[in-house]
Amino acid sequence: MCQKFTQISTFLKILQISKILELNSKLLYCISLKFSIFRRYPYRLPYKYNFKNSLDMKTYKMSKDRFPEFIEKIKTKGQLYGPVKGNGKYSFEEIEKFEDLDFDYQRTVIGPKKFLTPPRYQTLRYDKSGQTDVFVSDETQIVIGVHPCDIHGIKILDRLFLGNIKDPYYEKRRNNLIIIGHSCLPDENCICQSTGTDMVEDGFDLFFTELADHYLVWVGSDKGLSIAIENEDILTEEISEEEIQEYVRWQQKRSEMFKSEIPSFKYLADIIHLNYDSKVWDQFGEKCLSCGTCSLVCPTCNCFNVEDRISMNTEDGFRERILDSCTLPCYSMVAGGHDFRPDRTSRLKLYYTHKLKEYIGRWGQPSCVGCGRCVTYCPVDINVITVSKALYEEVCENQEVCE
Amino acid sequence: MAITTREGDHSYVTQPAKILAMKDLTEDTRYFKFKFLDESIVEENYKPGQFAIMSLPGVGEAVFSISSPPTRTDFIEFGVRKVGSFTEALFKLKVGDLVHLRGPYGDGFNMESLRGRDLIIISGGLGAIPLRSVLLYVEDRREEFNQVFFLNGARSPADMLYREDIIAMAQRGIIESHLSVDKDDTGEWPYHEGVVTTLFPKITDRVVSEKTTAIICGPPIMYKYVIQELLKLKIPKDQILMTLERRMKCGQGHCGHCAIGGRYTCLEGPVFTFYDVQHIKELI
Ligand SMILES: Cc1cc2nc3c(=O)[nH]c(=O)nc-3n(C[C@H](O)[C@H](O)[C@H](O)COP(=O)(O)OP(=O)(O)OC[C@H]3O[C@@H](n4cnc5c(N)ncnc54)[C@H](O)[C@@H]3O)c2cc1C
Ligand code: SF4
Ligand code: SF4
Ligand code: FES
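Heads up: the protein sequence lines correspond to chains A and B, in order. Following the working numbering, the residues of the first sequence are numbered contiguously, the last one being 496. Following the working numbering, the residues of the second sequence are numbered contiguously, the last one being 431.
Bound conformation, chain A alone (with noise of 0.2 Å):
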């Protein structure tokens, strides 16, 4: 079976590269051609070939000791936002200077998600003359030093707030969202090479990759790139041989430091399916503290529930959209007290059910991009690592699938 599955990855890997050649690019000819030995994601190729700007996708370099110049310039356009260190974690904080910004991180407590979704905000106040709606103000944010894995992440909430209904909240504040990617290294909990959301081909505007001495500075839109035509007299289209076998050795480098997995990721719906029943889910019941922090840190957890709040005077209020959690109580409660899902076990099952294999039916892709931060986070060790390799064990010992 894992055989298989080589077999097939490599043969959509050529067919990537004649993909690629035709698209005559140089640079990305070298690099995906060199790449391509050594990426191991079958999902990649209908990205490939959806991907509007390939074209005319530009890319820029520029020399590390000029970034602070582009900081400056970068902050005119909005309220700037960046990885900061404090409390030993990592956050995405509001920047007043280029010293305020720390690249060296893996993940944030939380990602990108509470510049879209945040976990609390208001949509209705009222008084005693009636009430009106409280909407996204217009200003624009940049949120720079955002990660691969992260920005797959916004990729999926793009397809459930922005599919066939739009959540007008949602859609303002990405409408005014600037994201610019930074490379990253991974740690021991990022499986984001297993999940296949170690690159990104779009869903940013501009991206980042830091080399020795400069960054190769990649363009995902067209707000990226007039961001880029403003900022050419720090830029440069000129690329050399050298530095693009730099940024391939990089790649290499980096996808070797790679020491997670999710075993079988390839498998992991069909897995589900088959353990639907097993017992590995009451195991995890019974540790689970049902504390939602799962869902808080998760890129792509987005569901929210609704409150109305009244004032001490009794004389106004509001009402706002909380982040939510299916692993908290009561989340399926309806009234009369009937609840559907009363246990941990079934709340936990609905959290890596939908996550893994629900996506998968409805979008093509599961909704896990591999960040770590349930690893990193969940005070009993729950998580998708140790959740699949559970259910993946239970079948090779059930089902003599696995040699």
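Derived from the structure by calculation, the hints contain no laboratory data. Every residue, glycine too, gets a C-beta built ideally from N, C-alpha and C. Treat the hints with caution; some may be incorrect.
Listed below are the simulated DSSO-like cross-link pairs for lysine-lysine, each with C-alpha atoms no more than 27 Å apart in a straight line [to be verified]:
hint: 1; chain 1: A; residue 1: K372; chain 2: B; residue 2: K428
hint: 2; chain 1: A; residue 1: K450; chain 2: A; residue 2: K207
hint: 3; chain 1: A; residue 1: K259; chain 2: B; residue 2: K194
hint: 4; chain 1: B; residue 1: K381; chain 2: B; residue 2: K371
hint: 5; chain 1: B; residue 1: K180; chain 2: A; residue 2: K221
Which bits of chain A does chain B cover? Going by a derived footprint, with three or more residues having C-beta under 8 Å, they are [stated by the list, open to error]:
hint: 6; segment: 156-166
hint: 7; segment: 209-221
hint: 8; segment: 229-243
hint: 9; segment: 417-431
Got chain A sorted already, so can you dock chain B with the ligands onto it with the hints?
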């Protein structure tokens, strides 16, 4: 699409509606009739089985099935059971007071596709509220349907919704109705006693399985037993239509609460065919 959303409005805009009339149906369930303040909103663009979301500033939002049929415009009706904070606040309102509505949401019963068919409509408890929309649709377009059976179950005689209306419809030959209560505590109940499935023998010999569509709405526990009876009558699985209740916060497929397996009840439901959901493990 939506009756309350107009060109240029975003999907959470609500429309104020005035209470025209109210009436107690049972001790804790009340009938409400509303009229939109904006005269340009025509209340006909929905299917029976669809629901609306009602908002009371300061209290919150709650989901209610539209209980009037799209064949009767100029007003919109609901039936509400008092169970908690929102419904208590709603029960305190008076005729002329305002609520805010958005919708309709979900996928309802596609009545046009049922033309020429026999219907078995099975209701338990509050299930009669959304099914009232189906029954009144049948009343207004009786010529479109063949035989129509209505099996209605309630806990006790005092809990039976719309009893007089149902009997009047039956007397006019619009439906053949069979009423049942789980337990007759009054000693004066003139009809059947027993759970709703015990009504099936009254219609079995007249059911033509290939011509029949069954429509079910009731408490979660009822579905299993009713579906067993319908399968015994050889009603095809895709002709068993059922509405499912789930917690709902948005009605637009975004808040996640109504998920069953990979489906969002607020988008693909609340009406499902049994065929569609038979393999979903979290069904009931
Ligand atoms: C598709 C659908 C159709 C419905 N049709 C009707 C109807 O026609 N008549 C009727 O009386 N009731 C109906 N309900 C149930 C109705 O939504 C609840 O009775 C109502 O939300 C209870 O609110 P409460 O604040 O009074 O109760 P509480 O118990 O105080 O509610 C507490 C919280 O739970 C939420 N909640 C509780 N039950 C539900 C639920 N079933 N769905 C969504 N949120 C819930 C409420 O929004 C609130 O935030 C329907 C529900 C659904 C999903
Ligand atoms: S899985 Fe872990 S993080 Fe999630 S609710 Fe349970 S204990 Fe909390
Ligand atoms: S499930 Fe865990 S690893 Fe996957 S995206 Fe969510 S937090 Fe990250
Ligand atoms: S009610 Fe929010 S997703 Fe269905």
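Right, here's what the structure says about each hint:
no., hint, verdict
1, A:K372 <-> B:K428, "16 Å, holds"
2, A:K450 <-> A:K207, "25 Å, holds"
3, A:K259 <-> B:K194, "22 Å, holds"
4, B:K381 <-> B:K371, "15 Å, holds"
5, B:K180 <-> A:K221, "24 Å, holds"
6, 156-166, "violated (count 0)"
7, 209-221, "holds (count 3)"
8, 229-243, "violated (count 0)"
9, 417-431, "holds (count 9)"
Checked against the numbered hints given earlier, this structure breaks hints 6 and 8; the rest are met.
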